[in-house]
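With these hints in hand, go ahead and build the complete structure from the sequences.
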Amino acid sequence: MGLRDRFSRLSRLMCGRSLTFRLITFKTDRGSALKQTRSRSRWGKAATAHQAAKPYRIATRLCVSVMNVLRRCFTTETQRTTEVAQRRRLSTVTLILALIVVGMTFVTILNSRVSGSMPKIPTGFLPDQQQMQFPEGLDYGKFQHSSQNHARLPCRLCHQRDDNSPRPKRPAGSKHLPCAGCHAQQFSSSEGPICTICHTDVKSGALKAFPRLQSFRMTFDHARHQSMGRVSCATCHQPARGGVALSIPAGFNAHITCFRCHTPRAQSGGRDISSCGTCHELGGYSRTPESAPAFQVSFNHSRHQKIACTECHQVRPGMPQRRQVTAPEPLNHHATGRGKSCMTCHDGKRAFGGDDFAVCKRCHTGATWHF
Numbered sequence: 001m002g003l004r005d006r007f008s009r010l011s012r013l014m015c016g017r018s019l020t021f022r023l024i025t026f027k028t029d030r031g032s033a034l035k036q037t038r039s040r041s042r043w044g045k046a047a048t049a050h051q052a053a054k055p056y057r058i059a060t061r062l063c064v065s066v067m068n069v070l071r072r073c074f075t076t077e078t079q080r081t082t083e084v085a086q087r088r089r090l091s092t093v094t095l096i097l098a099l100i101v102v103g104m105t106f107v108t109i110l111n112s113r114v115s116g117s118m119p120k121i122p123t124g125f126l127p128d129q130q131q132m133q134f135p136e137g138l139d140y141g142k143f144q145h146s147s148q149n150h151a152r153l154p155c156r157l158c159h160q161r162d163d164n165s166p167r168p169k170r171p172a173g174s175k176h177l178p179c180a181g182c183h184a185q186q187f188s189s190s191e192g193p194i195c196t197i198c199h200t201d202v203k204s205g206a207l208k209a210f211p212r213l214q215s216f217r218m219t220f221d222h223a224r225h226q227s228m229g230r231v232s233c234a235t236c237h238q239p240a241r242g243g244v245a246l247s248i249p250a251g252f253n254a255h256i257t258c259f260r261c262h263t264p265r266a267q268s269g270g271r272d273i274s275s276c277g278t279c280h281e282l283g284g285y286s287r288t289p290e291s292a293p294a295f296q297v298s299f300n301h302s303r304h305q306k307i308a309c310t311e312c313h314q315v316r317p318g319m320p321q322r323r324q325v326t327a328p329e330p331l332n333h334h335a336t337g338r339g340k341s342c343m344t345c346h347d348g349k350r351a352f353g354g355d356d357f358a359v360c361k362r363c364h365t366g367a368t369w370h371f
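FYI, in the working numbering the residues of the sequence shown are 1 to 371.
It should be emphasised that the hints constitute simulated quantities derived from the structure, not laboratory data. Note that the structure is a prediction, hence the values are computed from the model and not measured. The beta carbon of each residue, even a glycine, is placed where N, CA and C say it ideally should be. Some hints here could point you the wrong way.
[Stated by the list, open to error] Straight-line Cα separation of at most 20 Å, DMTMM-like style, residue types lysine to aspartate or glutamate; simulated pairs: (1) K306 <-> E281; (2) K361 <-> D347; (3) K349 <-> E311; (4) K142 <-> D201; (5) K208 <-> D139; (6) K175 <-> D201; (7) K208 <-> E191; (8) K306 <-> D347.
[Said to hold, decoys possible] Derived DEER-like restraints, expressed as beta-carbon distance ranges: (9) Q144 <-> G242: 38 to 48 Å; (10) T235 <-> T92: 21 to 31 Å; (11) M104 <-> Q238: 44 to 54 Å; (12) D162 <-> H333: 55 to 65 Å; (13) A327 <-> H364: 17 to 27 Å; (14) I100 <-> H145: 40 to 50 Å; (15) R217 <-> Q238: 21 to 31 Å; (16) V359 <-> C309: 20 to 30 Å.
Given below as structure tokens:
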């Protein structure tokens, strides 16, 4: 039974249209038949139309009031349900937007790492010949890093690193890019002098060997690498010349040692350490020799392996390349005493030496003595 039917029945009961609420009492008189003495019906049959209508109006008003109350209750409940649904929809939309933002951030980071190995042309550089200024009579058969237009370009624009190969790569883009981005006119003919920079034979496409370091100097900071903890002297310097000397990385083979840490796309402290510019800068190059004055007095590193490098050599931060690491004075009897020398250890107490001339030949060997 529906709600409307229930209220209709309630109205009929309250207006006396049903016998359910009638209470009739019968009483027996002396020997007479049953008589109706009293009829107490809470909602008996009305005598007049006015009496019949009045309870009906009261019941109707009551029903309307009850309906209004129920309607308000149902309306409030519906509003609450709607608000809850709206909140849920808002939470769902917010979650979806957050996931989208996180996804886009992840994709951006991934793309930046993937594209980190790709060179970026600096702001203000446009590969358009109209933007470039070429001097008159320029020799396109020679390449110069010191050129104003070349010096402002990043190293990785031309020399991309995909692996730890010690020999750098030449620009190998399609259609001679990125060189042709500025020199389209020079590359328009296969007989142009610019082709001879890289090719020994233009028709076959044979390439020249990558040139040795000439216009770039090599910079290395001993103090910075020493402070890392995981790098020691033996990381770069190995016994050479039968153990007498220690090797100094140089040439393309030096990359084999350096690339152990300076791998492609490697970073340190948020800084890229994989590009050429990390260790090289424009300028003249002079290799540090592996010979030392101490070798002339028969000093041999292999005989002093039990001694730590820092007992004889100290690192001086901020000094030029060849003066970053000190060396002992190669003298014993005539040492100045201003710094470390052979006499620092060979004092007759820690090691043989001093005034004991019976052991001279342990240092001075050969047909002639060297002082």
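Right, here's what the structure says about each hint:
| no. | hint | verdict |
| --- | --- | --- |
| 1 | K306 <-> E281 | 37 Å, violated |
| 2 | K361 <-> D347 | 16 Å, holds |
| 3 | K349 <-> E311 | 17 Å, holds |
| 4 | K142 <-> D201 | 16 Å, holds |
| 5 | K208 <-> D139 | 19 Å, holds |
| 6 | K175 <-> D201 | 17 Å, holds |
| 7 | K208 <-> E191 | 16 Å, holds |
| 8 | K306 <-> D347 | 18 Å, holds |
| 9 | Q144 <-> G242: 38 to 48 Å | 42 Å, holds |
| 10 | T235 <-> T92: 21 to 31 Å | 56 Å, violated |
| 11 | M104 <-> Q238: 44 to 54 Å | 49 Å, holds |
| 12 | D162 <-> H333: 55 to 65 Å | 57 Å, holds |
| 13 | A327 <-> H364: 17 to 27 Å | 20 Å, holds |
| 14 | I100 <-> H145: 40 to 50 Å | 46 Å, holds |
| 15 | R217 <-> Q238: 21 to 31 Å | 23 Å, holds |
| 16 | V359 <-> C309: 20 to 30 Å | 25 Å, holds |
Of the hints listed earlier, those the structure fails to meet are numbers 1, 10, in rising order.
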